[in-house]
Every structure is written in C-alpha cells, then in structure tokens.
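Asker: Residue strings, one per chain:
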Amino acid sequence: MTSLAAHDVTVSYSRQRVLDRVSLHIGSGETVGLRGPSGGGKSTLVRVLALVQGADAGHVSIDGTWVAGARHRVPAALRTRIGVLFQSPREATDPRLRLDDIISEPLRATGHPDAAVRERVTELADLVGLTADLLIRRPHAVSDGQLQRACLARALAHRPSYLLCDEATAMLDASTQAHVAGVLTDYQRETGAGILVVSHDHALLTRWADRVVDLQTQERRHAATAA
Amino acid sequence: MLDALPRRRVLRLRPGQTGTLVAASVLAVAILACLLAPALWPLDQSAVALDQTRLPPSWAHPAGTDDLGRDVSLRALYGLRVSLLVGAVAALVATVIGGIVGGIAGTLGGPVDRLLMRVVDTVAALPHLLLGIFIVAMLRPSLGAVIASIGVTHWLSTARIVRSELLSLRNRPFIDAAISGGAGRRRILTRHLLPHVLPRLALATTLMIPHAVWHETALSFLGLGLPPHLASLGNMINDGQGSLLTGAWWASIAPGAVIVVVTLAIAALAVRWREYLDPRVRAELQL
Chain A
1 MTSLAAHDVT VSYSRQRVLD RVSLHIGSGE TVGLRGPSGG GKSTLVRVLA LVQGADAGHV
61 SIDGTWVAGA RHRVPAALRT RIGVLFQSPR EATDPRLRLD DIISEPLRAT GHPDAAVRER
121 VTELADLVGL TADLLIRRPH AVSDGQLQRA CLARALAHRP SYLLCDEATA MLDASTQAHV
181 AGVLTDYQRE TGAGILVVSH DHALLTRWAD RVVDLQTQER RHAATAA
Chain B
1001 MLDALPRRRV LRLRPGQTGT LVAASVLAVA ILACLLAPAL WPLDQSAVAL DQTRLPPSWA
1061 HPAGTDDLGR DVSLRALYGL RVSLLVGAVA ALVATVIGGI VGGIAGTLGG PVDRLLMRVV
1121 DTVAALPHLL LGIFIVAMLR PSLGAVIASI GVTHWLSTAR IVRSELLSLR NRPFIDAAIS
1181 GGAGRRRILT RHLLPHVLPR LALATTLMIP HAVWHETALS FLGLGLPPHL ASLGNMINDG
1241 QGSLLTGAWW ASIAPGAVIV VVTLAIAALA VRWREYLDPR VRAELQL
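Each protein sequence line maps, in turn, to chains A and B.
End of the first sequence sits at 227 in my numbering; the numbers just go up one at a time, nothing left out.
End of the second sequence sits at 1287 in my numbering; the numbers just go up one at a time, nothing left out.
To be clear, the hints were calculated from the coordinates, so they are not data collected in a lab.
Heads up, the beta-carbon is just placed ideally off N, CA and C, and yes, glycines get one too.
One or more hints might be untrue.
What the hints assert, rightly or not - Pair ranges (Cβ atoms, derived):
id, chain 1, residue 1, chain 2, residue 2, range
1, A, S38, B, N1171, 51 to 59 Å
2, A, T2, B, S1164, 41 to 49 Å
3, B, S1164, A, S38, 22 to 30 Å
4, A, H202, B, S1164, 49 to 57 Å
5, A, A77, B, L1194, 37 to 45 Å
6, A, P37, B, R1185, 34 to 42 Å
Work out the full structure: start from the sequences and follow the hints.
Answerer: Printed below as a string of structure tokens:
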C-alpha cells in the first residue's frame, strides 16, 4: 500500500481543537485536493503530514510504515520523502541565504557531495525556470513568484514521493501559477508522486485534483457518529 | 565645473551618515590614543607634584591639574583606557553568561525554559547596582572584581534577547522547511539559528559597553571600584568633587566629558548597526 496517510489526527492549540480525528490518504500518482475554511486547520494538517508537527492523537503513516513523533524524532530519510511547498515563500526561506543556497540546502544537509549538489541545483533551477542571475540573489531582491519557484525547486531536491502544497499558488500571478502547476503535473507523471493541493479556491481544486476532500464535512461526520 | 560634479557625489553622505562618521572618528581617535598612550605619554600612576596643585587649564596642562598636582588630561586618557577595558571585558562576560542561559532556555524550552526565566526574573527584581556593590564589597578592590561585578549583574537582558530570538525562529516556516529537507539538530542550530542570533548578540554586547563603562565609573565614584591611585574616570570624578567647592572645576570636567563623548559615540554606532541588521533597511542599502 503506497500512500501517505493521516489516521484520526487530532491537534489542539491551547484547548482550541483545530483538527478533530481527521483521516486523509494520498495515494501514489494521485492528486488530492483539500479545502476548508480559513483557520480550519488545513495548514496544521499539512504540517502534521510533513512530519514537522506532532499530533495530540492519531498517526501518520507513509507507505504502510507508522511514524511515531515528529520533527527530529523522525529519521531524516523519512522526512525527505515528503516535499512541502508553503503558502508564503517569504516566510519559508531564510532571508540571509542566496536562492541557490536555499535550493541546495536539503542536499547539503543530507551530506551530498559538492559536485553532485551543484549539478542538481542547475537541473532544478532549469526545471522551475530560474535563470543563473536570479540564483545569486537573496530573497529580498526577487519577486514572490520567483521565490516560490525556488521553494518548489527545494521541495523537489530529494525527489520526494509525496508533495504537499499549502495554498502554494494563492499569492502568485496567473502565469506563475500555471507554470508551478505544470511543473508539479510533469513531476507527477514522471515519478508517480502523490500530491496534496490545499486551497480555498474550489474551481482550482476541481480542475486540478482527482478528488477533493472537505475538512469540514469530515469533522461533521464525526459529530454525527458521536451523537 | 563639470569635473567637480562626480566628485561631489562621492563625498555626499546619505542622511544620518554624518553622525555615524563623527561617532566612528571620535571612537577611532579615543582607541588610538588609548593604545599609544603608554608609548607617547608615559604616566607614573603614583607620582605627585605638590608645587603644582589645582592649576587651571593652560598649554602645559590642557585640563589643569588636580589637588595632588597631577595632569588631569593625561590621567583622563589613562582613565579611559581602564574604563574601556573594563567596559569591553565586562560586556563580553555578560554576553557569554546571557548567551548560554538564553541559548539553553530557547533551545530546550518547556520546564527548563520556565525555570531559567524565573531565575532571570528573580535576579532582575534586585537593583543591579546594589547587587554589583555587594559583589565588589566581597572581593578585593581590583580590575577583576569590578569586571566580575558588572558581568554577573548584566547578563539578564542578553539572556532574554537570545531566548526570545530562538523561540521565534524555532517556529518559523523556514526552519520547518529545513527540517523537512532532512537537516539534523546540529545543522539547524549552526546553519539556521546561530547566524540569526549572533549579530543581535554582538549588538547587545556593543550596547552594553557604554553601560558597563558607566557602572565602573559609578563603583569607583562610590569608592568601591579600583584602587584610588589608579587613574580611572570614576576615581577622577570622585577625587575632583572635593576640588569643585574650592573653584577647581576642571578636575571633574575632563573625565566627565571624556566618558560622555566616548559612550555616546559607541551607542551611536550600535544604533546605526541595529538599523543595518533590519532586513528591510539592509535591502535598501544593498540595492
């Protein structure tokens, strides 16, 4: 069974329950849309699935392996199988680093040799459409769209089996949005990766995703069974 | 006429840079004078000249002489050496203590963080000059005692800065992205956390130097700091206050002016540096 899945995940922030026994699975080669109101826990679910945030109850499994804990308690080899594209590229990048360093960071962090890293960065930059003169700039000197392209390149650096996109195209102009979607679709066709697209834009989800999951109806279902 | 234009553009300073330049020059002159003083103008710390007491400022003695006939300007220069040394070393000691405490609290979080921060709150609740006086009073008057007294009482703000910086960084999405990319604990610390914290730590140290200099002055003024024969700005102001009533105003003026000017110069540079650390301002400067 090859899928990234959340099983009855519950997360609360200081007594406010954000996710209540939410289950979701993303199969290989599948594009799943996730929608829900703002503040409804979409980003939290993405963070839990990306293994950077722990759940109060419930589990995440990746290809049948149950994952205990989150962040550094999870082996790096497991974390790197999931790529994440965050909503705000400004927040998701270190303002001190150049774009090429941002893209190469995951590879250097996992000890890839220098030459291989350089080659892969050129390949990735080419893939997402970043020119060499942009790569030597820092985040403040590029646009949101260009920075999100760098984030996409970074997310793809380890050739992840699953990609989580948290409102990744919401802040971008139409042409960049289409380009990012195109890169993701190509990557999926090539590698058979599973993709989760989070958005509040229903039209975008129905156009792009194979099926759409609504966070609210999921939670309402629980309310019904409990009653 | 046309040749003159580009030259003027080179010389023109951005708004706010004139002050920085003045502060930097003042500090450079002060530090240079401190470094060269023993070679150029040697001073016998215990020498007195009782036939030249309380002379008003003149060409021979630009800031006059004190009630033991010692040249005030030269002693003020040696006093500045002591003050800057004490200020810099004490600020460094405070930064190291504060950096370690704040670093542990900010990285470990949870109960360790709460415990350490309550310790910080407790120490902060005591008047720190009083605590410093208590510490020097227990030790023999010496340079080391003054440095220890200032360093041990001034690490609190540094600890708070480092802790809050680490806590706010820890939850930033770019740290999440790095963890997701496979970075281990050590790499997160050395590559993503420290590079953000260290410049702020260095800035906190620099801002602490003027404060530490004032503390040395205050302790010496109270007679608790350095041995009286050793020229320090605090000692000199303390000695000079007796002469004020007899009309020898210059004995306190020179050391007082030196301390105000030099500490203001350091503070001005530190403030400018803080502006530079703000990414938005830095972006403007680079583009």
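Asker: Where does the structure disagree with the numbered hints, that is, which hint numbers, in rising order?
Answerer: 1, 4 and 5
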